[in-house]
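When we follow this note's numbering, the leftmost residue of the sequence shown carries the number 26, and every step to the right adds one.
What follows is a list of derived Cβ distance ranges for each label pair:
#, residue 1, residue 2, range
1, A289, L448, 50 to 60 Å
2, A513, S446, 18 to 28 Å
3, A528, E313, 46 to 56 Å
4, A513, V270, 30 to 40 Å
Cut-off 20 Å, straight-line C-alpha distance, at most; resulting in silico cross-link-like pairs (PhoX-like, lysine-lysine):
#, residue 1, residue 2
5, K246, K299
6, K308, K190
7, K299, K312
8, K190, K297
9, K312, K297
10, K545, K422
11, K246, K545
12, K246, K418
13, K246, K422
14, K545, K418
15, K418, K547
16, K246, K547
17, K190, K299
18, K547, K422
19, K312, K190
Keep in mind that the hints were calculated from the coordinates and are not lab data.
Predicted model, so just to flag it, every value in this text is computed and none were measured.
Cβ atoms here follow ideal geometry from the backbone N, Cα and C, with glycine treated the same way.
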Amino acid sequence: MTGHSLADLRSQCHLAPHQQRAFCNRSRSQRPLTTACGGLAIKGLQRLRQSKTLPLLMRTQGNTRLARHGLLQVSASTAGGGPGSKDIKQHSLGPVLWCVAIATLGAFSFGYHASIVNGPLGAIASELGFKGDAAKAGLVVSSLLAGAAVGSLSGSTLADSLGRKNAFAANAVPLLAGALLSATASSLVPMVAGRAIAGFGIGLASALVPLYISEVAPADKRGTLGSVNQLVICFGILGALVVNVILPAADWRKMFYFAAIPPALVILGLAKLKESPRWLASKGRAKEASQNAEALWGPSGPAQLTGDAVSAGTDKAVHKATQPGLGDLLKNRGAMIGTAMFLFQQLAGINAIIYFSSDVFAKAGVQSGAVASAVVGGMNVVGTIVAASAMDKAGRKQLLRLSFGGMGLSMLAMVAGLSLSSLAHLRGSIALWGTLAYVLTFSLGAGPVPGLLVPEITPSRLRGQAVSLALGVHWVANFAIGQLFLPAVEKFGLPGVYLFFAAICFITVGFTQSSVPETKGKSLEEVEALLA
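Can you build the whole structure from these sequences, using the hints too?
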């Protein structure tokens, strides 16, 4: 059963005509959560001087259910006690921001670990005895991706069984252990093991962070706060770059010791991290869910859980009897849309562009690899900041269309520069500006939106598993593109491969237009109903 919006609930309640008119004329943000169901009229709420918790009688598909235990909270305050008072205080975002800050430390680890070996890899190879062996050097890099693929697929099991908060505690262990094992490695084997363990940790984080943020963020801020995940990944990448520039390559052990700081901070911050109210509601822990919802979202917060509680079933026995499997994911429209978006993200060529960015900048006269990486990373950060500020205004679909469309046009410009002899004298400049335009437009939508979208468009009972499936596909595709890109360039040429990437971008624009729902400003329960 899908969740119900306030509009759905109102239409099923028997209000007196004058109450219906007064209720409907208020904007959503101004409505006191008053309702009368089954012939029970609730009057005079403006005279109440404190919050009251009321049961909500809901009728769905011929069945009447009572959502008790504080899952609906009615709040009103008065100015001088008058019945027309609208003095309703807005709840502070402080608790939510704290939760987002702690959660996104995992995102910082993601970006940092993914980039930290780029600078000192030669020094690592020299000290650990595999200098000049490209296969072993590649193993140091690819072991992180392999671990991440396994970790992302394990994220849902961990998050759904332990809870989101305990999952973050468990996630800190491989991030911390992997960093320390890499920092103290005396040969290739412990280095690869440390990288794989850290990869498992960042794979878990890549699934946990967007899932948790989507469940604790208020609906009108979910896009902005969800984009913080991608933004902090970018900061992690830049942090690794800064460390590479400041420290000599011979100090690579210190670089890995720095990687232990974020998971240590997660452990210290867990005491004030709130468990996801939606996870608690889905487990039938209604009282705790209501308390956490009020702490995060204010007095009206518990009402937002009604849909989750009914959708998942407040009866624990019912919940356990309907545990979803892979078949449920494959049949779920939201899970498939989200997984497809992550696949399109990788097939659009972002890793190839990053891989060749240093060569592109060198041909344009920028010889410093660090400067090239800084410019590309800075462009990524700028675009992600713009996306975060626009996410809850422009909407997810518009940003996705703009992003993939811009990426496709950037690819076509680079194909023209590489292929047309008349543009040979401008080839370096076209490649440079095409690369920057591609990275900027990627960061406007293709980068931040898929991770935000997946938990938004999947129902509560499938949410954790859907995120893990999508991120698993992301990491596998990431690894595959890395392995197949150079052979493809050798066979088809760089313009041919870039033309393929451009085609994927334009296909994704069409897919977004036809299949991706707009979730801007909607509660997770409203989105679930939209896709039912």
